[in-house]
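Next come the chains, spelled out residue by residue.
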Amino acid sequence: MVEPVLSLRNLSVEIPTRHGIVKPVDGVSYDIGAGEILGVVGESGAGKSMAGNAVIGLLNPPAHIAAGEIWLKGSRIDNLTGEAMRRLRGKEIGMVFQDPLTSLNPLLRIGDQLVETMLTHLDISQSDAEKRAVSALEEVGIPGAAERVNSYPHEFSGGMRQRVVIALALCAEPSLIIADEPTTALDVSVQAQIIALLRRLCRERGTAVMLITHDMGVIAEATDRMAVMYAGRLAELGPVRDVLSHPQHPYTHGLMASTPLASAGKSRLHQIPGAMPRLDSVPEGCAFNPRCPYTTEKCRQAPAPRPESTSAACWYPLAREKAS
Amino acid sequence: MLAFIIRRIGQSILVLLIVGLVAFSMFNFVGDPIDNMLGQERTAEDIERLRIQLGLDQPFPVQYFKFLQEAVQGNFGVSYRQGRPVAEILLERAPATLELAAVSGILAIIFGIALGVFTAIRRNGVLANIVMSASLIGVSLPTFLIGILLIYVFSVELGWLPSFGRGDVVDLGWWRTGFLTESGLKALILPSITLGLYQMTLIMRLVRSEMLEVLRQDYIRFARARGLKDRAVNFRHALKNTMVPVITVIGLQLGAIIAFAIITETVFQWPGVGLLFINAIQFVDIPVMAAYLMLISVMFVGINLAVDILYFFIDPRLRADRAGGH
Amino acid sequence: MSEIPVPVRPKSRLRIALESDVFFSFRRSPVAVASAVVVLILVLSAVFAPLIATSNPFDPASLNLMNGFTPPMQPNAFTGETFLLGTDDQGRDVYSTILYGMRISLFVGAAAVAFAMVLGITLGLISGYVGGWTETIIMRTADVQLTFPSILVAMLIFGIAKGVTPVEYRDQMAIWVLILAIGLSDWVQFARVVRGATLVEKNKEYVQAARLIGRTPGAIMLRHILPNVLSPVLVIATISLALAIIAEATLSFLGVGAPPTQPSLGTLIRIGQGFLFSGEWWILFFPAVTLLALALSVNLLGDWLRDALNPRLR
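Protein chains in written order, with this note's numbering: chain A, 4 to 327; chain B, 753 to 1078; chain C, 35 to 348.
Isolated chain A (complex conformation):
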C-alpha cells in the first residue's frame, strides 16, 4: 500500500479555559495521499480549521495537541521542536488562508515575499530565486508576471491576490497544502477559477491537499474524498461521490438536504433542528444525538464508533441500498 502523505491518528486538540477544558478536535483520524484532495466540511466551530492549524504547528496557545499523532510522509511531526517544525512549514507543508486581502504583507513587494520564502527553504542564489519568483507567478496565471513581481499587494484584485498567496504557498514545492476556506472571501465568479487552479497545480505536482471549506459546491467540484466534522469529531469519511449521493451519517444527510446545490429540484430546503453544541457543552454519547431523528438510548450513552476509511461515526448508519 502506498504510504499517505499526511496521516492523522486519533488527533485531539485541547484548550484549557476558565470553564474547563474544551476539545475543538476530538479523536480525528484520516489520511491524504499524494495528488489527492481531501475536503473537510463542517459548520464553523466544528474543528476543521483547528485540525489544519495543528498539522502545520500554528495552534495559538493555550490550544495544544493533547493526544494522537500526525505523520507526514512516514515521519511523525506532532512532537517536533519549534525550530524543526518551522523548517517543515513552507518546505513540506504549505498553507493558504481564507482572506487574500489580509494574508499578504502590505509593505513588501510580492516578489520580495516570494524570494524570501524560497531563500529560506531552498539552496538557491538570490538571482535564481528572483527568476523562479517570476515563473511561480506565471504558473498561477498572473499576466505580465515579469513586471508584476515588483508590485505591492494592494495593486492586485482579490482573486489575483489569492493567486499570489497560492504561489507563495507552493513556491518551495511542499508535499502537502492546507487550504483553509481559500475561496470564501472571493467573488463567486472568481471562486471556480481559484479552485481549478489549486486542483491543476496539485495534480501536476502530486501535492496532497487538505481543502477546508463549508461550501458543498467546492467539495463536489474539487475533492476526491471528504471528511465531515461535527463538534470536533469526525462524523463521516469517504469518497465524495458516495458521501454526497448516499450519506450514511444522519448529520451528513441533514447537511446535504439543507444545501441548495445538493438538494436541487426539491421545493424546500431541509433544516436540521437545533444548533451545533458549544464546545464546552458537547452532550454525552454521540455529539449529534439531541438533533438526530433516529436517536436511541445507546446514542445518548456511548460515543459513536470512530469511522474507519469509509464509514460514518454512527450506531445506525443510513442504509446504502438505494445506490445498489
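Hints in this document: simulated from the structure, not taken from any laboratory.
Bear in mind that the values here come from a model prediction, so they are computed numbers and not experimental data.
The C-beta atom is built at its ideal place from N, Cα and C for all residues, glycine as well.
A hint or two may mislead.
[As the list claims (entries may be wrong)] Derived pair list, reagent style DSS-like, types lysine-lysine, alpha-carbon separation capped at 27 Å:
1) A:LYS26 - A:LYS301
2) B:LYS981 - A:LYS94
3) B:LYS981 - A:LYS134
4) A:LYS134 - B:LYS938
5) A:LYS94 - A:LYS134
6) A:LYS76 - B:LYS981
7) A:LYS94 - A:LYS76
8) B:LYS992 - A:LYS94
9) B:LYS992 - B:LYS981
[As the list claims (entries may be wrong)] Listing some non-contacts, in silico: residues in chain B with all C-beta distances to chain A over 10 Å:
10) GLY835
11) ILE945
12) ASN993
Following the hints, put chains B and C in place on chain A, whose structure we already have.
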C-alpha cells in the same frame, strides 16, 4: 500626492493663524499694553500718542494683520521684564534647548523602539514583564521627580555630575554649543535622561502594543506558515508594519520633548527657552509668552507636516491611493 | 407618568461589564486591589486631614521657628519635641503639611477632571448629535489643541488667567485658575470619545423611536446616548485623574501653580528641593513619596480598568 501636501500645508497655516490670534489676543487683552509700557507718570497725550504709535486705534483685523506681519519678520516686541527685544533673547537661548531636546529625542527613540520590540516579542518573558512594570512607574513618575532623584544620586551623593547649568560652552558665532567641552557634555547627561525617559516609556509602550496588534495579523500568520525564521517575521514583516502608526506618535513626541523641556530646564536651571517661558509666566511677561507660543507652534506644525510627508515613503498604499487621483 | 413603549434599549456596556467580568478580574488582580486600597487610604487621610494631622501647619500661631529642621523621629535640640516625619525650615510638621498638601492636590485634580469631563461630554454630545458647523468648530478646536501637549496648554492658560487677574487676588485665585487651566487642557479626549459614540448611537432604532415620540434632543442625549458611553468615559476619567494630579504637581513645582500660602504636594517638593544639598532630605523626600504613591496607584487602577472594560486586549 502634491494635492495632499498642499492641503496639509493649508491646514498647518490655518493652525498657525489661530495660534497667532491667541498670541495677538494675549498682547491686547491680557493686561493693558499701555500700562505695561508707560510708567506711573503719564499724560493723556502720552497715552494717545502711544495708542496711535502702536496702532491700537485701528480696527481689529488691521491690528491682527500687522501683528502677523511683524511676527513673520521675527519681531515679537520687547520683553516687559528684561527690556530687550524678545527675538534676541529667544535666539540666544534656543541652542541650549535644541541640543538638550535632540540628545533626549535620540535616546528616547533608540531605547523606546528597542525595548518595545523586545517586550512585544518576549510577551510572556520574565524580563519583559519587569521592563513593562518599570515602564508603568516611568509613566506615573512626574518628570521633575526623576530629575530630582538623578540629582540626588549622581550630584549630591556620588558627586559625579553637575546638578545645574550647561557647563562650558563654545561660541560658534551664531550658536553656542555644549557638545565640544567635557563639562558641557557632562552637564548634558542628567537633563537629557530626565527629559528622554518619559518619552522613551511612551514610545516603548506604543511600539509594544502596535507590534502585538501586527503580530496578530493574517499576514504574520501566513509568514509563519511559510516557515520564515522568527527573526525575519519579527523584524522584516512585523516591525516595518508597526512603524507606520508609530512614526506619527514619535513625531508628536519630538514636539512634546521641546515643550517638556520647560520642566527639565527648571529642575536643572538649564538656560534654554523653557526656563525663559516659566519665568515669563511667573512675571506675566506677555511678549515672551506670546513669542514662545508662536515659536513652539511653528515647530509642532512643522514636525506634524514632516511626519505626514514621511508617511508616503513608508506606506506604498498611501502613495498609490494619492497618486491614483492625479 | 405614563410609560410609552419604546424598542428595548440595549443594556449599556457599563452594566454588562459590571455584571460579568469586571469584578471577577478585580478580585483576581492583586495590583488592582492594592492600588484601590492605597487610593482609598490616601483619599480618606486627605479628607480627614484636620482630624489626623498633629497641627494645622498654616496657622501661624501653632508654629515655632525653634522647631525648624528637626529630622524625623528625633527630638529637636532646643525644644525637645519629636516629629514623625521631621519639620521644615519654618518648624512646620512635615506629616501635617503632607496631609494638607494632599488635600489640595486631590481637590485640584478631581475638580479639574470633573470640569474637563462635564465640558468634554457636553461638547462631544452636542457635536455628535447636532453635526454641521457646530461640530466642525468644536472638533477643529479639539484637533488644534491636541497638537500641543496638555501641560503646555495648562501653563499657557494659567499664564493668561494670571495676567487677567488683578495682582492682589492672584494668590487667592491661584487654586481656581489651576483647576480651570488643567480642566481646559484635558477636555478633548472626553469630547472625542463621546462624539464617536454619539454618532454610532444616534442612528440606532431606539433613538429614532425616542425622537419620533417627541423627546427633546436634550432628553435623548442624557437618557439614551449618555449611558452608552459611560464606561469609556470612566476609564478616561481615571487615567485623567492621575495625569491631572501630576500636572498640578508639575505646575506647582515649577512655581506656576498652588501658591506657598496654600501649598500642594508639588509646592512642598519645590520648597524641599532647596534643602536637598544641605542634607535636610526629609523635607523633600516624604512629599515626593506621597505624590508618587498617589499618582502610581491611580494610574495602575486606570490601567487595570481599561484592560477590564476593553476585552479586545485580553
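Restraint check for LYS992 (chain B) with LYS981 (chain B), where alpha carbons must lie at most 27 Å apart: At roughly 16 Å apart (the allowed maximum being 27 Å), LYS981 (chain B) and LYS992 (chain B) satisfy the hint.
Pairwise hint evaluation, LYS134 (chain A) against LYS981 (chain B), where the allowed Cα distance is 27 Å at most: holds, 22 Å
Agreement of LYS76 (chain A) and LYS981 (chain B) with the hint, judged by alpha carbon distance not exceeding 27 Å: holds, 23 Å
Verdict on GLY835 (chain B) as a residue remote from chain A, using beta-carbon distances over 10 Å: holds, 56 Å
Holds or violated: LYS981 (chain B) to LYS94 (chain A), with C-alpha atoms at most 27 Å apart: With Cα atoms ~12 Å apart, LYS981 (chain B) and LYS94 (chain A) stay inside 27 Å; holds.
Pair hint LYS992 (chain B) and LYS94 (chain A), alpha-carbon separation not exceeding 27 Å: Answer holds: LYS992 (chain B) to LYS94 (chain A) is near 25 Å, not above 27 Å.
Hint consistency between LYS94 (chain A) and LYS76 (chain A) [alpha-carbon to alpha-carbon, up to 27 Å]: holds, 13 Å
Hint consistency between LYS26 (chain A) and LYS301 (chain A) [alpha-carbon to alpha-carbon, up to 27 Å]: The given pair, whose Cα atoms are some 22 Å apart, holds under the 27 Å limit.
Straight-line alpha-carbon gap LYS134 (chain A) to LYS938 (chain B), limit 27 Å: violated, 56 Å
No chain A beta carbon within 10 Å of ASN993 (chain B)'s: Violated, because the least Cβ-Cβ distance between ASN993 (chain B) and chain A comes to about 6 Å, which does not exceed 10 Å.
Status of ILE945 (chain B), Cβ more than 10 Å from any chain A Cβ: holds, 34 Å
Agreement of LYS94 (chain A) and LYS134 (chain A) with the hint, judged by alpha carbon distance not exceeding 27 Å: Measuring from Cα to Cα gives roughly 19 Å; hence the hint holds.
Of the numbered hints listed earlier, those contradicted by the structure are 4 and 12.
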